[in-house]
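S.K.: Residues per chain are reported as follows:
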Amino acid sequence: MKYRNLGKSLVAGLAITTSGSAIAAGSAVEELLKALYQNGTIDKATYELVQQAAKAEDAQNREQIREISVAESKKVAGDVVAKVKASKPDVKLGGRIQLDAGSVSEDNMDHNSGTEIRRARLFAKGDLHKDWGFKLQYDFVSKGDNTNGIQDAYLDYKPLKIRIGHAKEPFSLQNMTSSKYTTFIERGLPHVFAEGRNIGIQTVRNGENWMIAGGIFGDGRDGSEGGENNEGWGAAARATIAPIHADGETLHLGTSLSYRNIGGDHTLQFKERPEAHITDTEIVDTTTFDANSVTRGVLEAAYINGPFHVQGEYYRTSVERQLAGRKDVTFSGYYAEAGLFLTNDTVNYKASKGSYSKVTPSGENGAWQIAARFSSLDLTDEDINGGTAESLTFGLNWFATSNIRFSANYVNVLDVDGGPTAGDEPSAFTFRSQVEF
Amino acid sequence: MKYRNLGKSLVAGLAITTSGSAIAAGSAVEELLKALYQNGTIDKATYELVQQAAKAEDAQNREQIREISVAESKKVAGDVVAKVKASKPDVKLGGRIQLDAGSVSEDNMDHNSGTEIRRARLFAKGDLHKDWGFKLQYDFVSKGDNTNGIQDAYLDYKPLKIRIGHAKEPFSLQNMTSSKYTTFIERGLPHVFAEGRNIGIQTVRNGENWMIAGGIFGDGRDGSEGGENNEGWGAAARATIAPIHADGETLHLGTSLSYRNIGGDHTLQFKERPEAHITDTEIVDTTTFDANSVTRGVLEAAYINGPFHVQGEYYRTSVERQLAGRKDVTFSGYYAEAGLFLTNDTVNYKASKGSYSKVTPSGENGAWQIAARFSSLDLTDEDINGGTAESLTFGLNWFATSNIRFSANYVNVLDVDGGPTAGDEPSAFTFRSQVEF
Amino acid sequence: MKYRNLGKSLVAGLAITTSGSAIAAGSAVEELLKALYQNGTIDKATYELVQQAAKAEDAQNREQIREISVAESKKVAGDVVAKVKASKPDVKLGGRIQLDAGSVSEDNMDHNSGTEIRRARLFAKGDLHKDWGFKLQYDFVSKGDNTNGIQDAYLDYKPLKIRIGHAKEPFSLQNMTSSKYTTFIERGLPHVFAEGRNIGIQTVRNGENWMIAGGIFGDGRDGSEGGENNEGWGAAARATIAPIHADGETLHLGTSLSYRNIGGDHTLQFKERPEAHITDTEIVDTTTFDANSVTRGVLEAAYINGPFHVQGEYYRTSVERQLAGRKDVTFSGYYAEAGLFLTNDTVNYKASKGSYSKVTPSGENGAWQIAARFSSLDLTDEDINGGTAESLTFGLNWFATSNIRFSANYVNVLDVDGGPTAGDEPSAFTFRSQVEF
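Note that the protein sequences, when read in sequence, are chains A, B and C.
The first sequence begins at 12 in the working numbering and counts up by one.
The second sequence begins at 12 in the working numbering and counts up by one.
The third sequence begins at 12 in the working numbering and counts up by one.
Isolated chain A, as found in the complex:
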């Protein structure tokens, strides 16, 4: 009779238990407990304490099961990530497109208006094993031999920060800053002195707020095709430091020095368009002249404070002549620019590289920047009458995203003295749509 009652109470208890969503590690024990309590085998204290033990068990079990699950999941996930990583190509494909439109006022000379693809580049870059890297970049906008379109084409040995191949010679702030990231659509007039890329070997050392780079280089992408003289060679070095570099405030100081022995037919030419590429009429041009070697120097300075930046560079270039009786000549130039973001943004200065990088807008609607620049270039000395030019440029930039940029420039050539187009002082409106990927 007692047993029958017991049976009933168990049925009820069982019902409750099995419907319980908790891990019922103790439910059978629970049943047994009830039974033993009811038939007097154990007392109330024991009953309740064991019940508590069962409850504690439930919580513990759930927690520990979760721990095991997470541990096992993570293990498996680790394998997945590894597998994916292994299957992913080491080679990153990227590039840029720069689409320009411009209207250039005709002055003494013809300056035409129109549209052009300014740059259309693809690159492949990647890491090989842990110590090596490479980059191959081509600009589909180039003339003459296809080879002329090759931009970066180098391999890196990372442990020693050595770069072998076709890459920029370290020289000047605006030159080392990618055309994607310059403040204005075109670099300032004195950029004419930059040597650009050559095949060579260079190395860099840097700290948090300084860098020094140097290398030796050949001449061009091709071998010395024909001609009776060997290819030229050069050496270049650049050092920069940011004595102030904190709290959105940066002071940049730098200098570059470059020597080049002129090979081939021992000639040299410096010429420059107005700071609007859409016209191909030069405003200054030394025309080709004899040269044995050329030595270049640059002094760089920049100050950044939040949305505001100002920067300037002074260039000096001396040419040792080749022909007897010709006096060595010295050319020079400089530019000064200032920019201000109207949004809560700033230029992206990399102290470890001593140059600017990508602007990443802080807000939904992108970053807006206004800027102005004054450029001056003097290509006249001794028997060389390349002319002198001064130019003023106003710019408006909209960085829609970190990949998309639109720029509008108004370029006003203030003064051109001497040179083949003396007195030709055009002005231009230029627009650029740029995508980087």
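I should point out that these hints are in silico values taken from the structure, not numbers from a laboratory.
Just to be clear, a hint being listed does not mean it is correct.
Note that identical chains are pooled: a pair holds if it fits in a single copy or bridges any two copies.
Claimed, not checked - Within a straight-line C-alpha distance of at most 27 angstroms, the following computed BS3-like cross-link-like pairs (lysine-lysine) qualify:
| hint | residue 1 | residue 2 |
| --- | --- | --- |
| 1 | K191 | K338 |
| 2 | K45 | K55 |
| 3 | K103 | K364 |
| 4 | K154 | K45 |
| 5 | K154 | K282 |
| 6 | K154 | K141 |
| 7 | K141 | K86 |
| 8 | K191 | K136 |
| 9 | K369 | K103 |
| 10 | K103 | K361 |
| 11 | K191 | K364 |
| 12 | K172 | K361 |
| 13 | K169 | K361 |
| 14 | K136 | K103 |
| 15 | K361 | K191 |
| 16 | K141 | K85 |
| 17 | K136 | K172 |
| 18 | K136 | K154 |
| 19 | K369 | K141 |
Please build the complex by placing chains B and C on the supplied structure of chain A, with the hints as guidance.
M.R.: Positioned in the frame of chain A, the structure of chains B and C alone reads:
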């Protein structure tokens, strides 16, 4: 004595339990139960009911453990997918290769036979953030400056469906249909009137069965190099609608209108090979003549019913002359084609774009299509004697897969009147192997 | 009183239990056991045995929970991998960069020194569906029309091992071995006889230690632009076998045969620089002469034993003349080379292709190889005075990794008789930095 027996029975029970593969949440309880039952502390009913409770527990535990595991696994998996997604390049690499072989019968003029790479293109395209996209496509088969190989080079702002850059001007059905997807190896003769790609800004609006596109464009990829005149500019618009568009039946109607102001040296030339590119001898050619502006119009119609399609376009082009005393001239042309799939396939018409896209074979052995086309072109008017031509083409296509296509065409130039090669009426067999990736 | 004691002991037990880190499936049972034991309901034997059962349970539970977790994790992980795989591009992007520097001693003729990008290639390759594949490779180092930079441009139908498109005609061991994998920086002089790539259709059959390939080909990448003659065509076949091919020892024997019908203007020219590309002054040159067809044959042999290899090829080329009264001419050449790895490495010979592939260094510090080659070429016969040349080359290779290779060669032209530069016997030091990706 009783206890000793109990001990034995327990040993046995224990053996069974520990060997059991189920989650033995109840096995200890089980042992205890047996013991209590055997020593009479609990009755049979209790024994069995608690046993049931233990069993229920097992099932419940297993289920709940599984639930926890799945939940935890999914969490971790989510992180993995995110990590992978982040590390995946946004840039898709693709392209096409078109390998041609052809035999052209010599007629009055030289028409040579041989092989050529007709197109070899690579492109990079992708999305940037959510609103922007881009495409850069290059054709390694091109002459002159590398720049000439640039095909698509644009960026898209998706919310407004605005495209900025070097892209096709909206014009004509066969022109807007990729060379990968045209019915025949070469487009019909009147394609000579298509302006192709220019740098500009265009936008499109479309619905399920209609589209309208328009834009304004500059002239070519390069700036106006030299010359004393500005680059030309143009405007183009195209509208299409599919009044019938359901159940494998489609009726397409469309029209294009294009105006272009001729810049540079104010000249124009229309010339066309037979519909076999392997020969570079033109059958009609206006040679260069003075032009101030050119206005083009096209009427398009197509009807698709299952494996069958028919389509035609009529072109009219008027040229406003530049030189005094020269009468304006008007040229025209048209083509009509019909195609029939011998397999259970159909052309892939995109009503939202008003053009054809990739054929994806329904069967294992690919899709087979036969087709015929009649083309007519008249480049003679007033003082311009470019000649008139009529041509008949028969085609056989095998779409091995959605990426691989082989085509054979027989082109028969029926009649050539006037023009520099009057009476030269060659015929040609051409073959193409095509891969799209 | 007894019960009170029991209560105390339970409290203690409970404390221990809940603090236990193990899955305490048995702790409640434990408590109950203690209680029953202490109040004499069960005997010591039962107590201990049930305790054991509880312990066994713990272990079992943990193990089984782990199994469930792993199973569930794996399921989820499987989905992730599938998702990732699906999202991965089918197209592999790869390429090579070869950066050369060289110093060539001037002799009778001008031979200049300098740097050059020897090759800068990108390729896209992939599989389409299961049966098809493709490759498109471009060399940015090329002259003239962009089209000239196109290297591989073909599609493969794998089930029949048929290749359609622009690819190498099967011919000679050093020719079929990629420029990335040749022992020396430049191939031996007789490479002048290799036809290179043309558009055609070829197929290959092979076994573990043999291959035979053959195909028919057109002429060049472009259609027969202008000229009054059709493009030429050719047929080529190559067969190789490795009678010894085991335990790091390989004997390779091969032969190639090629016939070509000269099209276009029916002329031919064989000319070759010294085995240093940096100079573009040829040491042997037949200059252009009339030709109707050319037949070429090669005998190949190579023996590899661990780090050592020796190989040689003999070439014979007969030209059927086009102009009346001109005697057919026969040219010939051969080279023999030997190489030795100073590290525990070997050349990577692929018997199924009958050519060499990538060297993968066995050690941390890469693989070092020294090598020497003697080359001979005779381009003088009958009325053709192209000259004869003999050249000796010493090479040092460092395979830093399977992707990075540096080579230094000393090339000494021993003897040049006849030809336009008779007696001009320059020597050269050349260096190459190479990255493959």
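S.K.: When the structure is checked against the list of hints, which entries are broken? Sort them ascending.
M.R.: 1, 4 and 6
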